[in-house]
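Protein chains in written order, with this note's numbering: chain A, 61 to 172; chain B, 93 to 206.
Simulated from the structure, these hints should not be mistaken for laboratory data.
Please note: incorrect hints may appear among the correct ones.
To be verified - Label pairs and their computed distance ranges (CB to CB):
1. B:E136 to A:S144: 23 to 33 Å
2. A:S88 to B:A173: 35 to 45 Å
3. A:I72 to B:P132: 19 to 29 Å
4. A:P165 to B:L176: 18 to 28 Å
Said to hold, decoys possible - A short, non-exhaustive set of chain A residues, derived as facing chain B with CB atoms under 10 Å:
5. W87
6. H101
7. R104
8. A112
9. D113
10. Y124
11. D159
12. Y162
13. F163
14. G164
Ideal Cβ positions, reconstructed from N, Cα and C, are used throughout, including at glycine.
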Amino acid sequence: DAGITQSPRYKITETGRQVTLMCHQTWSHSYMFWYRQDLGHGLRLIYYSAAADITDKGEVSDGYVVSRSKTENFPLTLESATRSQTSVYFCASSPGWADTQYFGPGTRLTVL
Amino acid sequence: AQKITQTQPGMFVQEKEAVTLDCTYDTSDPSYGLFWYKQPSSGEMIFLIYQGSYDQQNATEGRYSLNFQKARKSANLVISASQLGDSAMYFCAMREVTGNQFYFGTGTSLTVIP
Chain A
61 DAGITQSPRY
71 KITETGRQVT
81 LMCHQTWSHS
91 YMFWYRQDLG
101 HGLRLIYYSA
111 AADITDKGEV
121 SDGYVVSRSK
131 TENFPLTLES
141 ATRSQTSVYF
151 CASSPGWADT
161 QYFGPGTRLT
171 VL
Chain B
93 AQKITQTQPG
103 MFVQEKEAVT
113 LDCTYDTSDP
123 SYGLFWYKQP
133 SSGEMIFLIY
143 QGSYDQQNAT
153 EGRYSLNFQK
163 ARKSANLVIS
173 ASQLGDSAMY
183 FCAMREVTGN
193 QFYFGTGTSL
203 TVIP
């Protein structure tokens with residue numbers, strides 16, 4: 061099916077472990093985004109990418125790393141997970157910066 | 093300072109009535125876009141409507157309209173003829189062109205009462 065998918069949908073990990081959240085889109089959109097959603101904060105931008113091999117920081121990038129070697133994939137890595145990174149993570153994509161973003165289903169991450 | 097402010101944590105509306113969800117924004121970027129998204133209890137984010145900062149007319153999409161008052165920096169969402177399926181969280185968001193950032197508000201929970 062065409063669209064944007066995220067995996068895993070649910071993940072439980074321990075403090076200090078490395079975790080990678082995957083995002084895949086089939087639209088060949090240039091832009092991809094990672095957000096986290098927390099109660100009381102809405103969604104906050106972590107990183108975005110304008111094209112393969114081009115990434116830039118969002119509002120809350122500390123503790124996260126991204127890469128984009130292929131247009132369709134945009135993995136998000138927590139190099140050493142902390143409890144404060146417990147959240148729901150959404151990936152999104154859009155054809156251009158000015159265009160509507162389309163969201164994946166989200167990944168619920170719990171860091172114990 | 094908050095870039096997007098949604099002052100109504102929760103709202104109730106009678107079925108078939110209209111409801112306005114408030115959103116104010118803060119930017120010095122001359123070019124920006126404003127979005128509204130719906131998040132039902134199932135968790136997905138659904139795009140509803142978009143307004144560009146240079147658009148002269150208010151955006152409309154079916155039962156959704158955006159009341160854009162640029163001087164007041166407000167971008168309220170109006171839902172006409174509310175339906176039970178409209179019960180959800182609603183997020184206002186802003187894209188800054190120059191600043192290359194995207195901001196969401198904290199959301200408004202809308203409950204439609206039969």
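Evaluation of the provided hints:
Distance hint check for B:E136 and A:S144: the Cβ-Cβ separation is about 25 Å, which falls inside the suggested range of 23 to 33 Å. Here the CB-CB span from A:S88 to B:A173 is close to 37 Å, well matched to the stated 35 to 45 Å. A C-beta distance of roughly 25 Å is found between A:I72 and B:P132, which places it inside the suggested range of 19 to 29 Å. Restraint check, A:P165 to B:L176: a C-beta distance of roughly 23 Å satisfies the suggested window 18 to 28 Å.
At its closest, the beta carbon of A:W87 sits 14 Å from a beta carbon of chain B; the interface hint therefore is violated under the 10 Å criterion. Interface hint at A:H101: satisfied, since its Cβ lies 6 Å from the closest Cβ of chain B, which is below the 10 Å cut-off. The restraint placing A:R104 at the interface with chain B holds, with a minimum CB-CB distance near 7 Å, inside the 10 Å limit. For the restraint placing A:A112 at the interface with chain B, the shortest Cβ-Cβ distance is roughly 18 Å, beyond the 10 Å limit, so the hint is violated.
Among the interface hints, the one on A:D113 is violated; its C-beta lies about 17 Å from the nearest C-beta in chain B, farther than the 10 Å criterion. Nearest Cβ of chain B to the Cβ of A:Y124: about 16 Å, over the 10 Å cut. The hint is violated. The restraint placing A:D159 at the interface with chain B holds, with a minimum CB-CB distance near 9 Å, inside the 10 Å limit. Among the interface hints, the one on A:Y162 holds; its C-beta lies about 7 Å from the nearest C-beta in chain B, closer than the 10 Å criterion.
With a cut of 10 Å, the hint placing A:F163 at the interface with chain B holds, because the nearest CB-to-CB distance is about 4 Å. Here the hint on A:G164 is kept, as its CB sits about 8 Å from the closest CB of chain B, short of 10 Å.
Violated hints, listed in ascending order, are 5, 8, 9, 10; each of the other numbered hints is respected by the structure.
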